[in-house]
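Work out the full structure: start from the sequences and follow the hints.
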Amino acid sequence: MPAPSPTLAELAARFTLGLRAAGEGQLAFLANPRYRQELAGTGASAVVLAEADAADCPVPCLVAASPYAAFARIAALFETRPATTPGVHASAVVAGDADIHPGAHVGPFSSIGARCRIGAGAVIGPGCIIGDDCVVGPGCELLARVTLVTRVRLGARVRVHPGAVIGAEGFGLAMDAGQWLKVPQLGGVQVGDDCEIGANTCIDRGALDDTVLEEDVRLDNLVQVGHNVRIGAHTAMAGCVAVAGSARIGRYCLVGGGAGIAGHLSVCDRVTITAMSLVTASITEPGEYASAMAAQDARRFRRNAARFRQLDALARRMGTPPKD
Amino acid sequence: MPAPSPTLAELAARFTLGLRAAGEGQLAFLANPRYRQELAGTGASAVVLAEADAADCPVPCLVAASPYAAFARIAALFETRPATTPGVHASAVVAGDADIHPGAHVGPFSSIGARCRIGAGAVIGPGCIIGDDCVVGPGCELLARVTLVTRVRLGARVRVHPGAVIGAEGFGLAMDAGQWLKVPQLGGVQVGDDCEIGANTCIDRGALDDTVLEEDVRLDNLVQVGHNVRIGAHTAMAGCVAVAGSARIGRYCLVGGGAGIAGHLSVCDRVTITAMSLVTASITEPGEYASAMAAQDARRFRRNAARFRQLDALARRMGTPPKD
Amino acid sequence: MPAPSPTLAELAARFTLGLRAAGEGQLAFLANPRYRQELAGTGASAVVLAEADAADCPVPCLVAASPYAAFARIAALFETRPATTPGVHASAVVAGDADIHPGAHVGPFSSIGARCRIGAGAVIGPGCIIGDDCVVGPGCELLARVTLVTRVRLGARVRVHPGAVIGAEGFGLAMDAGQWLKVPQLGGVQVGDDCEIGANTCIDRGALDDTVLEEDVRLDNLVQVGHNVRIGAHTAMAGCVAVAGSARIGRYCLVGGGAGIAGHLSVCDRVTITAMSLVTASITEPGEYASAMAAQDARRFRRNAARFRQLDALARRMGTPPKD
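Chains as they are written, first to last, in this note's numbering: chain A, 287 to 610; chain B, 287 to 610; chain C, 287 to 610.
In case anyone wonders, no lab produced these hints; they're calculated from the structure. Note that beta-carbon positions come from the ideal geometry of N, C-alpha and C, so glycine has one too. Just so you know, not all the hints are guaranteed correct.
A few chain C residues facing chain B, derived, Cβ under 10 Å [what the hints assert, rightly or not]: (1) A317; (2) A430; (3) R586; (4) R602.
The calculated label-pair distances, taken between Cβ atoms and stated as ranges, are [said to hold, decoys possible]: (5) C/G605 x B/A340: 56 to 64 Å; (6) C/A376 x B/A567: 36 to 44 Å; (7) A/M461 x B/E365: 50 to 58 Å; (8) B/M604 x A/R586: 15 to 23 Å; (9) B/P344 x C/P607: 53 to 61 Å; (10) C/H550 x B/P572: 43 to 51 Å; (11) C/H550 x A/M604: 57 to 65 Å; (12) C/A341 x B/Q465: 51 to 59 Å; (13) C/R585 x B/R602: 55 to 63 Å; (14) A/R585 x B/Q465: 52 to 60 Å; (15) C/R585 x B/A340: 40 to 48 Å.
To be clear about the criterion: a stretch of chain C counts as covered by chain B if any three or more of its residues have a C-beta under 8 Å from a C-beta of chain B, and this derived list gives those stretches [said to hold, decoys possible]: (16) 346-357; (17) 483-493; (18) 502-512; (19) 520-526.
Here it is in structure tokens:
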């Protein structure tokens, strides 16, 4: 199926963006200020950009309050999604008491456990394993090879990427007479409407209560969410973030790639954590927090790092009192 | 099946914990001192706690030497496990010379390679791929979508969570005339009794000898263990830890989430590494080791980090000799 | 099948290494200088080593320009690979218009989408899910449980380990009226000849253009590569590295385990990033870069880290101007 080719005028009409000029050929967009200097030399026939950049645009432009959001809407017109038809693939293994909506799709090599409910329009891609007592809300999409271990409840329109594991046992261990004793994880996982869960991301189920993602939470790939964590609505976490058990993260937070959040603490709403930083104490004020240094020439870094190891002694020599 | 409902008296009898009083309704537990101040206002009918907290408990309590271990044993009474019946699912693909104990369970869409042995009571969940020459000991549980690539030997009662990959080729590469040359990985992986391996965790097989986990090793989700690593008994690693090739980790070590351990070094017994710290040299004394700083306000952090980049120069100005 | 047993003389002849002496029994190799002191006490019958170490070798040795590369070639003689026969397993689900070379192998529980092409000698292991419009070049090996989501083009001889997810949607999100708006990812992923992609590694597809790995790129396990990243030929990344969207990495770079590279920047050829370091700005000079400190005794570390938080104030007290 060839992609549809709306004209710029059609796009503009559809989006009611202020159309400065119309043209043919390729459409570019300028959403990241880093690329502003590339505007003058663009070969695009038209550019979607912010008001402030319009004057510098040598070709026709579409002015948008948020060029990136405008791009998202335009790109959606060109997106082709694999066709999925309602029904259960012949190879799928479905428990007798699972309730699968006739409008849902269950792909090949998927298995659905006891007492599960799969909602209208939900798509369970190939190779998904859904354990007992799970709910997949209407319009959810589990792309492929997703595992919902047990007691996982997905709201509406949740999108889960391949390899994600939701509802595995948390890392609950008690040391007992020199051996680890497994702490059973009796809770589940609740995922709110419109959440997205990246490839190979893991969200453990709760020990007694549930692990909770409120609505519109967005997790990138390879993220780890421990048991009994709560993540507030609209919070986004980039790849390889790790959140330890029982942490409570607020709404509209942004967590940079590879950052870590310790367990049993709270982060308030609208907090940004920069990439690879480590949060070890509760954060009660919105704002940006950091602890990861940027790479420098390794020889110079090593000299500085060696001094860091003397830093307290150095400061004492200066007569500075040891306080934080 | 409804969960069983033992009374507190029954629990106490079973655990021979010192029963101070009995009651009805919900049972709470106090294992983490962070939550001590919540004790006074608890709505629970009874609390499992340590001797030291008993006096402050406004409701009946169960005193345990280790409240968390007591909780683990109590919670196990309420755990429901999916019923698995012995036998091989009709859809599974099993090599002719694989030896599967009649008391083992092999789920749908699983494949078992040549010369494998699956022990009594072992559960191979749906979607598991077990390559050639693997051994799964008695009572092991591979929950779902686990891959044992080749030459993986699991002891008894090993628990492997979904998405884990054990026995993949290590990252063995030799640069040769401007191209990478693959170093074949001829070893396997030995996993001791009672180990647990988290979701999407990877353990590479050895180059010549085996990669080894001694008994009762506990790895959380998304952990990476390189080829020829040896991890001592009872060591636990939290999510997203990475251990590079040929590192030797002792017994009863605790490694915090996101920490890294460089290759070709030794860490002795009873070492704790804090979250996101990096071990680059052998550790020969038990104790706690750290290198990851805690996040602070980003503007202040950036000013401090800029100074870090001048730190050696700063120290020289003070006349401090450059030594570590 | 027993492994073949070439004699040392045969090995030497085959490799045209300078043979100093021949022997029987086990062959060792000395490639890492860390192990040099073990040479004197070796129980091996022969050792592969570099010219400089030959004089100290108490047993016969094979001198190689690169002992590790020599080992790789020798080990390959002993490697047994699972036999795969051309053809499509009866359980596999293949789209009617997929073009599968008669010399390719497609294993059980694999699914291949519309318009895919699978080349000569390619091996698609068990449980692989290949979405629409993918190309798997000749001689590729997808070991097991690999997902190619859509529009992924693998060159020749690409090796992909279990659990890897290539071509998932990038983390493209635009904030729009308080909700996240999904940015469609219309591009694909191009992977050059002879690349290797580790277990549970994720490579997202591009937003408009493709995400690109040039030839002979080697990614270890649990690596995250964001959308529209470009990685130059012969670059190797160790486990748990994360590369954010639109970063451009040069050729012959080495990235240590757990390192992070921010988005929208460039790293030139022949750059080494040490383990767990964070690159936040473009690098234009070859060399080694670092930002991750090594663990020390935790009490001492905490005292130093507390001083770090005063570092700018400390430097000001010394009258140092605040510049980087």
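Cross-check of the supplied hints:
1. A317: C/A317 check passes; min Cβ-Cβ to chain B is 8 Å, inside 10 Å.
2. A430: holds (4 Å)
3. R586: At about 9 Å, which falls below the 10 Å cut-off, the nearest Cβ of chain B leaves the hint on C/R586 intact, so it holds.
4. R602: Check passed: Cβ of C/R602 comes within 9 Å of chain B, closer than 10 Å.
5. C/G605 x B/A340: 56 to 64 Å: holds (58 Å)
6. C/A376 x B/A567: 36 to 44 Å: violated (54 Å)
7. A/M461 x B/E365: 50 to 58 Å: violated (20 Å)
8. B/M604 x A/R586: 15 to 23 Å: Given a distance of about 18 Å, which is inside 15 to 23 Å, the answer is holds.
9. B/P344 x C/P607: 53 to 61 Å: holds (60 Å)
10. C/H550 x B/P572: 43 to 51 Å: holds (45 Å)
11. C/H550 x A/M604: 57 to 65 Å: violated (40 Å)
12. C/A341 x B/Q465: 51 to 59 Å: Once the Cβ atoms are compared, 31 Å apart, the range 51 to 59 Å for B/Q465 and C/A341 is violated.
13. C/R585 x B/R602: 55 to 63 Å: violated (27 Å)
14. A/R585 x B/Q465: 52 to 60 Å: violated (29 Å)
15. C/R585 x B/A340: 40 to 48 Å: Since the Cβ atoms of C/R585 and B/A340 sit about 32 Å apart, the hinted range of 40 to 48 Å is violated.
16. 346-357: That given contact holds, which follows from 4 residues of the stretch 346-357 of chain C lying within Cβ reach (below 8 Å) of chain B.
17. 483-493: holds (count 3)
18. 502-512: It holds, with 5 qualifying residues against the three required.
19. 520-526: Check passed, 5 qualifying residues.
The structure does not agree with the numbered hints 6, 7, 11, 12, 13, 14 and 15 stated previously, though it agrees with the rest.
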